[in-house]
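Quick note: the sequence shown uses this note's numbering, first residue 1375, plus one each step.
Derived by calculation from the structure, the hints in this document are not laboratory data. Keep in mind that a hint or two might mislead.
[To be verified] No more than 35 Å apart at the CA atoms, straight line, and that leaves these computed lysine-lysine pairs for DSBU-like: (1) K1461 to K1545; (2) K1403 to K1488; (3) K1403 to K1415; (4) K1488 to K1433; (5) K1544 to K1475; (6) K1399 to K1475; (7) K1475 to K1433; (8) K1403 to K1474; (9) K1474 to K1461.
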Amino acid sequence: MPDLLDRIYCSEQIHIPPTFPYIMKLYCKAAIRTQPYDLLKWSAAYFRALANGEEPPVKERIEFPPYDSPSGLTPGYIKMLINQFGKDPETMISAQTLFKKWSDVSLQEMLLIKLIALLGAVTSINWVQFVGVCAGFISNTLSQTMILICELFTEEPEGGMATIPFCNFKKNITNFFI
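Construct all of the structure, not just a fragment, from the sequences and the given hints.
So this is what it looks like as structure tokens:
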């Protein structure tokens, strides 16, 4: 029997039976795209978000090749959090809310504590500054960090130019470095 790791599947090869209820089809596709570290915890968060009318913790697409990060934090997870909290540079979130969303996708809580400590925040966190710290954490250089930030905040489709309006770029840069 060939090694299952040698097989590469694309979305067209993954067939979900047509008899599945629609919500289960969406759930299966979301689980395949997100590849959560803890499927049970992620599933509970997914259905809780749907029940509350919130954005579920789902990556926009599967990250391939898999992003190599010892912390488990990837651009896909940062983008997923941006989809949940928004892109407004004035957004402030509570540490408790961030801890909940962070643990829903089974990311390391010690990493979150370190990232919040870098911001000097205790209870209220500037969301865009937090995204900047996360991007800096998984990037090797400042230029890679800036490119990643533009990719995270762009409205363009993935794979295209990661452009953002200059006024947003200026606000984001001001938030990151001040």
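Results for each hint:
1. K1461 to K1545: Between K1461 and K1545 the Cα gap is close to 11 Å, so the pair holds against 35 Å.
2. K1403 to K1488: Cα-Cα ~32 Å, so holds.
3. K1403 to K1415: holds, 17 Å
4. K1488 to K1433: holds, 24 Å
5. K1544 to K1475: With a Cα-Cα distance of about 28 Å, the restraint between K1544 and K1475 holds, given a limit of 35 Å.
6. K1399 to K1475: holds, 23 Å
7. K1475 to K1433: holds, 13 Å
8. K1403 to K1474: Holds, at roughly 23 Å.
9. K1474 to K1461: holds, 19 Å
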